[in-house]
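The sequence shown: position 117 = 122 (my numbering), numbered continuously.
Hint data in this document are derived by calculation from the structure and do not stem from the laboratory.
Remember, it's a predicted structure, so these values are computed and weren't measured experimentally.
Straight-line C-alpha distance at most 20 Å; calculated EDC-like pairs for lysine to aspartate or glutamate:
{"id": "1", "residue 1": "K250", "residue 2": "E226"}
{"id": "2", "residue 1": "K74", "residue 2": "D33"}
{"id": "3", "residue 1": "K113", "residue 2": "D145"}
{"id": "4", "residue 1": "K169", "residue 2": "E158"}
{"id": "5", "residue 1": "K100", "residue 2": "D166"}
{"id": "6", "residue 1": "K100", "residue 2": "E209"}
{"id": "7", "residue 1": "K169", "residue 2": "E117"}
{"id": "8", "residue 1": "K66", "residue 2": "D145"}
{"id": "9", "residue 1": "K230", "residue 2": "E36"}
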Amino acid sequence: MTFPGEHPPPIQLLRFYVTAPFPCGYLDNLEAQSLIATPYHLIDAKIYDHLIHNGFRRSGKYAYRPHCKTCQACIPVRLPVDEFIPNRSQRRASKQHQNLSVSVLPLKFSEEHYALYSAYQSTRHRGGGMDQGTAEQYQDFFVQSNINSRMIEFRSNEAQDQGKLKMVSLVDIINDGISAVYTFFDTSDHASSYGTYNVLWQIEWCRSLNLPYLYLGYWVEKSQKMAYKQNFAPLQGLFRGEWQKLSNI
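All chains should be built: construct the whole structure from the sequences, respecting the hints.
Following this line, the structure appears as structure tokens:
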């Protein structure tokens, strides 16, 4: 409630609209829709904390969540980091990449990052649309943010490719955790486990910052793209406004 002369809370000033249908990126032969929060310039760190706790994610300056009429497959998930215990393959991935040097950087366009991103998209997501993205589209997604966002840069310390960029991860830091936005890496290293190592590193970073949760976006049970998330247990999912332990994985 507000009184004459008072300004309403910023969250009450947001408006939400539903996008037109578009091909689902997770499940074949389905259409998806998203709910978008606007105007984006009001979505600061405090507002985004509220939105992410209600199942929203960030893409550039925009916050969205799935809003499909006939499908509820996208489940927002997070990991309570103090309850996580790595399995054997995860411990192996951690040991395999422990010599990578890591830098936490502010958001800034880098030709080196963009080149690695383009190579990753053309290898891992050829024909998916993002492999045709321009440098401007890359900047809109990775460099535009109204909240506390960082680029995590991983470089090789091996003698044969000292200093070579191997992986970049975009993350948001919120009041109770870290939200993993997107990660891309060198796909020419066929024996690597960069994706797994990246999540393990973020778990340890959460712990070092005394943040209880790592937010991992959406989990879709029948999507192979999302299958890796179920390896990081015990996951919590957002159901009817409450975070609950996922019992089916």
